[in-house]
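Peer 1: Chain by chain, the residues:
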Amino acid sequence: MTRRLLTGNAAAAWGARLAEVDYVPAFPITPQTEIIETIAHWMDQGEMAGRFTTLESEHSMITAAGSAAATGTRVFTATSSQGLLYGMEMLYTVAGWRAPFVLMNVSRGLSSPITLEPDHNDILAARDSGFLQIHCATCQEVLDSVLLAFRLAEDDSVRLPVIVNQDGFYLSYTREPVEIPDIEEVRKFLPAFDPENTQFRAGEPRSQGVAVLGGAFYSYFRYEMHLACLNTLSVFDSIAQDFADHFGRKYGILETYQMDDAEFCFVMAGSFATKAKNAVDLLRDAGWKIGLVRPRLIRPFPADALCRALTGIHGVAVIDQNLSMGKGGILYTELASALYSSNSNSPLLVSYIGGLGGRDITREEFFKMARETRHAVETGKVPLPRLLYTEDELRQMRKLQTIAHAPWG
Amino acid sequence: MKETTFKSLKNLSTDHLLASGTAICAGCGGLEAVKIMYDILGKNTVFVNSAGCMTLLSVYPFTPFQGSWLYTAMACAPAGAQGIRDALDVLLNKGRIQPEEDLKVVVLSGDGSSYGMALSATSAAMDRNLDFFYLCYDNEGYGNTGHQSSPATPHAARTATNSGPFGYPGYKKDLFAIWTAHKPAYAATIIGSEPLDLARKVEKAMSLKGPKMFIALAPCPTGWHFDPRETVEIGKLAVKTGIWPLKEYLDGKVIHTKPPRRRIPVEEYLKKQGRFAHLFSPQRDTKQLEEIQARIDEYWAEAI
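Top to bottom, those sequences are chains A and B.
Following this note's numbering, the numbering of the first sequence begins with 799 at its first residue and continues without gaps.
Following this note's numbering, the numbering of the second sequence begins with -17 at its first residue and continues without gaps.
Simulated from the structure, these hints should not be mistaken for lab results.
Be aware that one or more of the hints could be misleading.
[What the hints assert, rightly or not] Calculated lysine to any residue pairs in the SDA-like style (CA-CA distance at most 25 Å, straight line): (1) B:K155 <-> B:T239; (2) B:K17 <-> A:V1008; (3) B:K240 <-> B:K254; (4) B:K25 <-> A:P1003; (5) A:K1197 <-> A:D1158; (6) B:K25 <-> A:V1008; (7) B:K17 <-> A:E1002; (8) B:K86 <-> A:N995; (9) B:K17 <-> A:V1010; (10) B:K76 <-> A:G1001; (11) B:K191 <-> B:N26; (12) B:K76 <-> A:R1004; (13) B:K76 <-> A:E835; (14) B:K76 <-> A:D992; (15) B:K76 <-> A:V984; (16) A:K986 <-> B:R78; (17) B:K155 <-> B:E250; (18) B:K229 <-> B:A285; (19) B:K254 <-> B:Q265; (20) B:K76 <-> A:R985; (21) B:K240 <-> B:E185; (22) B:K76 <-> A:I981; (23) B:K25 <-> A:V1010; (24) A:K1125 <-> A:V1175; (25) B:K86 <-> A:T852; (26) B:K191 <-> A:P1003; (27) B:K218 <-> B:R244; (28) B:K76 <-> A:Q843; (29) B:K76 <-> A:R957; (30) A:K1179 <-> A:H1112; (31) B:K154 <-> B:K253; (32) A:K986 <-> B:G77; (33) A:K986 <-> B:N75; (34) A:K1087 <-> A:D1059.
Sequences are here, hints too, so could you generate the full structure?
Peer 2: In structure tokens form, the structure reads like this:
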């Protein structure tokens, strides 16, 4: 084991290297590019055995990833934002092939307007595809999640591809101390891929991805995918425990922080949750009983785990770094649906949208969200979903508009 | 290059590897080409299919292939082939499969995919010198959806989206020229009604490494409006009138493998197909017919 300062991108590349992947189909896109450059360099230098192929689009890249996995090799690939959406048809398609592989998404806001910094509308657009989704908050978690993702993807009861998500810039370009496990230990945790019947070989003819005519036959395969995705919830803990036994770091389906005696909490995904942690510490110093719940798995959606974690909580500020146009926060909607059908005494939910396109969520905003949530619990009046924006930001925006609308000459 | 084993029709297998009884239309010229090609390539193949008529060859739980199959989507069969080829190469290099377990990778796509949506993926596969076969069955329209015009539709043909008095206003795209601009290992035009020419070309391509690209003109009874029994005759007329030149590209040169000795007028080919009926009745459209003939004459004047 060595400890190094790594960016999230480098940590992702290390995950693929330690998983001893056979094949990396690639296509560059900011902020993912460093991942594929790092892997290409290792392969060119003979430090990684396998093949690296640059495709001409993400649509083709995801196709090649799926078909190579369907041929029985261990595959890793990576993209971001527009690339994930360009390949969306194939995300759905290759998931149906039930050929396990791992795709790293480096989150970035979607066009338009075109931008570079992160939010989660790209990754959440893929939430119904059949890929599992693991959302990371630290660079260490990025590396570790790639290894966990291969174990989950290749598990007999799952056999689905996995997207591991890290936030562009905030993780992808940020160096943090990361423990790089020894390869011998990784091999014990993640043995060589056994493709079983997912392969193409002379003498063993197989048809994969064939057409199905008739809704009942089609439904069978779609239901199977859904149930396989749900199986992740039962195997996650034992795989995570195995990971902890080998590497000393334990990952739950959720990360809970200061929740033992909490009356209020924040719920959010991704690296901005580390900002929430800091706010929790400061609020606790000021006497608040407040905590944080951060789902690591978004697909399958950990409904039971969330209901359990939020039992006894009075009010929850759900912070979505995404915006479903005409609806609101996706995490809020999903959490509400999980709580509505649970038997527990459900907490009151207040919905916030923030962090779009990399917009910061400040400490003061976390404090305000906590106060508003407490006020909602005290009065029983839930405010409408809030779109975080400060007066100063609006002033800056008005300045740009003045320039944009300035007359010629 | 060694001498061909296909000296006469007797050398062609009459016992086809591809099973019959598929959902493909009676008289499909595309299936004719697939059958002959499959006999020669053999069952140690994986067909990588894009959305089109041939997608209905393998409908769960049946397949007419004795080898393997993967359906991808409309734009990306060459990328699917890339992933399989790369994976097989890695497995061979790492000793995880034996050379006798290797497969030939064959893209099977219609003209809608090949001439349009998948052109970028095909171009890129050739850029990467992918070692694969590509068979485009070209029925000159989006056949599986009821024959709307595609970039492969010939001038003046009526389609489901060109029912006006002049038919399709565009001109058939020269995919062979686009492909050969990439300098692939091999490229050829073929047709099922000339099985010896087809067989010799596939045989020749099998000895080469890299992209091996085939466009088969696929007479289509349902889209071109003719009786299924006419498929072979219409195919032969396509060659004899010179509207479908049989040729191959190898080592930077294009050779016509079956130039018609004395080209017969193109209207002999056109008048057998309902999609061109408006050129002959209620009155003869001499201007259109002369233009179509002139374009063929011009092609051959340049070619020879």
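Peer 1: Each hint: holds or not?
Peer 2: Structure-based check of all given hints:
no.	hint	result
1	B:K155 <-> B:T239	holds, 21 Å
2	B:K17 <-> A:V1008	holds, 19 Å
3	B:K240 <-> B:K254	holds, 22 Å
4	B:K25 <-> A:P1003	holds, 8 Å
5	A:K1197 <-> A:D1158	holds, 20 Å
6	B:K25 <-> A:V1008	holds, 18 Å
7	B:K17 <-> A:E1002	holds, 21 Å
8	B:K86 <-> A:N995	holds, 19 Å
9	B:K17 <-> A:V1010	holds, 23 Å
10	B:K76 <-> A:G1001	holds, 20 Å
11	B:K191 <-> B:N26	holds, 16 Å
12	B:K76 <-> A:R1004	holds, 22 Å
13	B:K76 <-> A:E835	holds, 23 Å
14	B:K76 <-> A:D992	holds, 15 Å
15	B:K76 <-> A:V984	holds, 20 Å
16	A:K986 <-> B:R78	holds, 20 Å
17	B:K155 <-> B:E250	holds, 22 Å
18	B:K229 <-> B:A285	holds, 10 Å
19	B:K254 <-> B:Q265	holds, 16 Å
20	B:K76 <-> A:R985	holds, 17 Å
21	B:K240 <-> B:E185	holds, 17 Å
22	B:K76 <-> A:I981	holds, 18 Å
23	B:K25 <-> A:V1010	holds, 23 Å
24	A:K1125 <-> A:V1175	holds, 23 Å
25	B:K86 <-> A:T852	holds, 22 Å
26	B:K191 <-> A:P1003	holds, 23 Å
27	B:K218 <-> B:R244	holds, 14 Å
28	B:K76 <-> A:Q843	holds, 17 Å
29	B:K76 <-> A:R957	holds, 24 Å
30	A:K1179 <-> A:H1112	holds, 13 Å
31	B:K154 <-> B:K253	holds, 18 Å
32	A:K986 <-> B:G77	holds, 21 Å
33	A:K986 <-> B:N75	holds, 24 Å
34	A:K1087 <-> A:D1059	holds, 7 Å
The structure fails none of the hints (numbered hints given earlier).
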